[in-house]
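K.L.:
Sequence:
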Amino acid sequence: MKLKNTFTILFFSLLVSILLISFSGCGNSPKSQEPKNETTPQPTTSEVPEGYTKGETPVPIAFEDLSEDCYEVNKKADKTLCADVYDPVCGCDNRNYSNACQAEKAGIKKWTKGNCK
Numbered sequence: 001m002k003l004k005n006t007f008t009i010l011f012f013s014l015l016v017s018i019l020l021i022s023f024s025g026c027g028n029s030p031k032s033q034e035p036k037n038e039t040t041p042q043p044t045t046s047e048v049p050e051g052y053t054k055g056e057t058p059v060p061i062a063f064e065d066l067s068e069d070c071y072e073v074n075k076k077a078d079k080t081l082c083a084d085v086y087d088p089v090c091g092c093d094n095r096n097y098s099n100a101c102q103a104e105k106a107g108i109k110k111w112t113k114g115n116c117k
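Just so it is clear: in the sequence shown, position 91 is 91 by full-length UniProt numbering, and no numbers are missing.
One thing to keep in mind: the hints can contain errors.
[To be verified] Keeping only pairs whose Cα atoms sit at most 25 Å apart, straight-line, the calculated PhoX-like set for lysine-lysine is:
| id | residue 1 | residue 2 |
| --- | --- | --- |
| 1 | 110 | 76 |
| 2 | 105 | 75 |
| 3 | 105 | 79 |
Bear in mind the hints are in silico, worked out from the structure with no lab data behind them.
Input sequences plus hints: build the corresponding full structure.
P.N.:
Here it is as structure tokens:
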């Protein structure tokens, strides 16, 4: 009697294991082995988007030519830590800086939000 119960328990355990494996998605089906190739569609035209105009690159002003209210040598530049945040500013020297902290680190006292035009 014990032998019959042991075989019954083993049979049902095997059956449950097979069902769990088949529904878990861990099988060797071709779908699970295919690499997912998700790419961003690339534009098919080389035309400039509507409303976009390519501007001229601003000409930076040399630090020697800047007034005292615009530029001052930053003596703490080596110790200044700036966050890696992109929030562009245009310095009074007509240069683009990735954020206000980077402009201050370069010694710029005045800037406007956005890239130089």
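K.L.:
Each hint: holds or not?
P.N.:
Verification of the hints:
Taken as a hint, the residue 110 and residue 76 pair is honoured in the structure, with Cα atoms around 18 Å apart against an allowance of 25 Å. Distance restraint check for residue 105 and residue 75: the Cα-Cα separation of roughly 9 Å lies within the 25 Å cut-off, and the hinted pair is therefore satisfied. Simply put, residue 105 and residue 79 have alpha-carbon atoms about 9 Å apart, close enough for the 25 Å limit, and the pair holds.
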